[in-house]
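Q: Here's the letter readout for the chains.
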Amino acid sequence: MTRKPDVIVIGAGLFGAFTAWHLARAGLSATIVDRGWLGAQSSGANFGNLRLQGRMPAQYALSLLAQEFWEDFEAQIGEGCEYDRTGHIYFASSEDGRKTLLKYLAASNENGLVVEALGPEDLARLVPGISPAIKTGSYSDRCATANPRLATPAVCRSFLRAGGTLEQGWHVSDVRREGDGFVVTSQDGRTMSSAVVVNAAGNWAGAFAESFGEAVPMFGAGPPQFVTEPLPYILRPVLQAVEGDVIVRQIPRGNFIFAGYPRTRSNADGEHTFVPPQKIRAGMAALCRAMPGIAGADIIRSWSGVEGYLPDMLPVIDRSRTTQGLFHAFGGSGGGFQIAPAVGIALSALITGSEPLCDLTPYRIDRFGSDLVASEKIGKEFDRD
Amino acid sequence: MNAGELADTVPVIVGAGPAGLAAAGTLVRAGLRPVVLDEAERPGGQGTRRLTPLIADRSPRLFGSNGASKIAQREAVEDDVLLRCDYRPGSMVWGVFGGKVELLQDGHVSSMAHGPLLLATGAIDRILPLPGWTLPGVYALGGAQVALKRHGCLIGQRTVFAGSSPLLYLAAAQYLRMGAKDIVVLDTTPLNEKIRAAPGMARYSLSTLLRGLSLMAELRRAGVRMLTGVRLDRIVGDERVEAIQFRSRRGPETINCDSVALGHGLRPETQLAELAGAKLEYDPVLRHWFPQADAEGRAGPLLWVAGDSARTAGADGAAVAGKLAALSILKCIGKAPAGVDGQISRLQRRLHGWRAFQRAMSGAFKAHGEGITDLPDDTLLCRCERISLGDVRDVVARLAGPMEVNRLKAVTRCGMGRCQGRYCATALAETLSGLAGKSMKDCGYLHAQAPVRPVPIGTPGEEGA
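Protein chains in written order, with the working numbering: chain X, 71 to 455; chain F, 1184 to 1648.
Keep in mind that the hints were calculated from the coordinates and are not lab data. On a predicted model such as this, the values are computed, not experimentally measured, just so you know. It is possible that some hints are incorrect.
[As the list claims (entries may be wrong)] Taking lysine-lysine pairs in the DSBU-like style, the calculated list, with each CA pair at most 35 Å apart, reads: (1) Lys1283/F with Lys447/X; (2) Lys1332/F with Lys1283/F; (3) Lys74/X with Lys1621/F; (4) Lys205/X with Lys447/X; (5) Lys74/X with Lys447/X; (6) Lys1253/F with Lys1621/F.
[Stated by the list, open to error] Partner residues are not named here, just some residues of chain F that face chain X (Cβ under 10 Å, in silico): (7) Glu1285; (8) Lys1332; (9) Cys1336; (10) Val1579; (11) Ala1580; (12) Arg1581; (13) Ala1583; (14) Gln1632.
Built from N, CA and C at the ideal position, the CB exists for glycine as well.
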């Protein structure tokens, strides 16, 4: 079968879905192809945190643009995804943590996000049951949460209503430049051609980039995540240790969801991230230190996903530097869920040649030279190996 | 690890049912002191669960005087074996990773390094839902036996044993012997299919078949009503079970009752084997996924499986599989007794017979979920998350692209709750199979992640081990 859309988007994760959604709205004919199904990896399995605090200063333009979209998600997309402006708290348990927290706070306020400092009384009021040993925090009321399980399907359905096409179980094995466009071939021999290809293939995007001479140092990993049995709903904001050992939120259904660190490298097959028991125990211990009262609750389930990470913990959002008509959006590095709507806005603007709404220099694909500075989070939030 | 290094490690057995206890016996007789981890406070597993001391004196009544003395002898042997093991009752294993098993004991989590690891984790009732199956007063067949043997009580005064399982007749007979007066057995498999399956069963174990027939005769003599080939429609009740509605050849009927014991055969507990690295394979006759293992029960470099979690074979077959796996472990660590190969082939022949018996018997107790998609839409499939058949039907109708149970779980939440799909995964797969016209094999199985059972967040043991 050969069809010819204007744009083929590889990957029905949230980056690909939002890019295709914006392209469809701009009047282009777009087809998303996915090796499995939509939202199957980190887009569907992430923590659901729409966090703005603590972003790298260079990322605020993109993050704030994305948050505006999340705030208007239901009107734009035509259905909801449990978006909830819960607010977000960073807390510090150590002197180093307190310094980091104050640095984040200053950076946020300089970049247009209002963040307030919290003392022990504020923390006790916002987080019933927080350990009295925790005395420093910061709060942003613009941070929010959404349900990742619902977001990607909602965006894809909206894209389909706008006339887009979605092919699931369409496992791309080859992308070739041919004439003034591309020929994309699936593992089972189907082909499709287009003028433009968007590489939004998540953890598999590195291989496509490399095949066009643009290798990136990406690796697959995921944070171990856990959910408790349903309990009385007491915790509205997201609570996160600035030291990076735990993050917890509660959903109105009553379950606490928390993630422990360090993150775990994905299985060799690249399809799954296993949750090792010692990380379950470390995550539980970290949560007990922050909220001792939760000790008696049961964890009923754990999970993880496969996310693409880059050493500076920033994504790639760029035109190809080697191949005309090829565009990249991948490497969410654990923060992709929040920025996804803006990735779609920015990349579709690049593709249609319209005015970019923010500076994409930090996200260039050719930035991985020897002088690249690795994120401090890489040292804190991953296994040292 | 080579055999020499392995010889210094301690074999760990998970599960003190027939398979685990038989394996422990074989290892002990070879001079080893294996660790035996068991979730329960007392050994025996499920089917051969020990009677609570409260009603120990009724053992002859429950099992017959012959049966009671045989059981007493067996339990004495098991006690003797366990004295020579590092036996840790009340130890729930919730994960296996990197050469360690993860434990929950007295509310504390800890981990323990293992040498050769034998998983003998048994099975639970396979439950196919019907409207009302989550009402208070509905138990699994195994649950009805736990009430009797562990707590010394019955699940009700007027009990209907429903579904399709050899346990229907066993549990009903045990209730009868303990004084239950008002018992009905509703078996969904038609009599002619049972008759058709009988020669196959007789071929592999005539005595087991005769034992089953004598249970039926005993129930009949006591005037217990037993119907075969019924279709279960609904368990009704306001706050709890009040009646069960079904159809037989004579038409629809309602039986008033205060309790229902439900079951459709056995479902293997394979999660730990999967976490320990075993690949699962689908068995189309038993309609379940089982760990792939060689003819000695070895499923990985340091991993063995035995008993109903390895492949349904009943208590006698489990004991054979346990011995076989233990001999295989002894061979692997260079401590095999003389004549091991002859012993192994004899055990393999016996195990083959027990497994063949189970396969033949699966024709007499059909547990197909073929009618599941005809149930009303409000039938709950997943009781933890309260996901109904209608919820799943809607999703299957609108989802495009590849479809299997893990995706269905992600979209519907079916299987995400407290039991982690142990009770609903079969129903979910049967539903998908029926709705999408796919084979059960193509529907897949829910991937396991630790913890396989709920674990308390607090009182962690040594950190970051």
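Q: Check each numbered hint against the structure and report the violated ones by number, ascending.
A: 5, 6, 8, 9, 10 and 11
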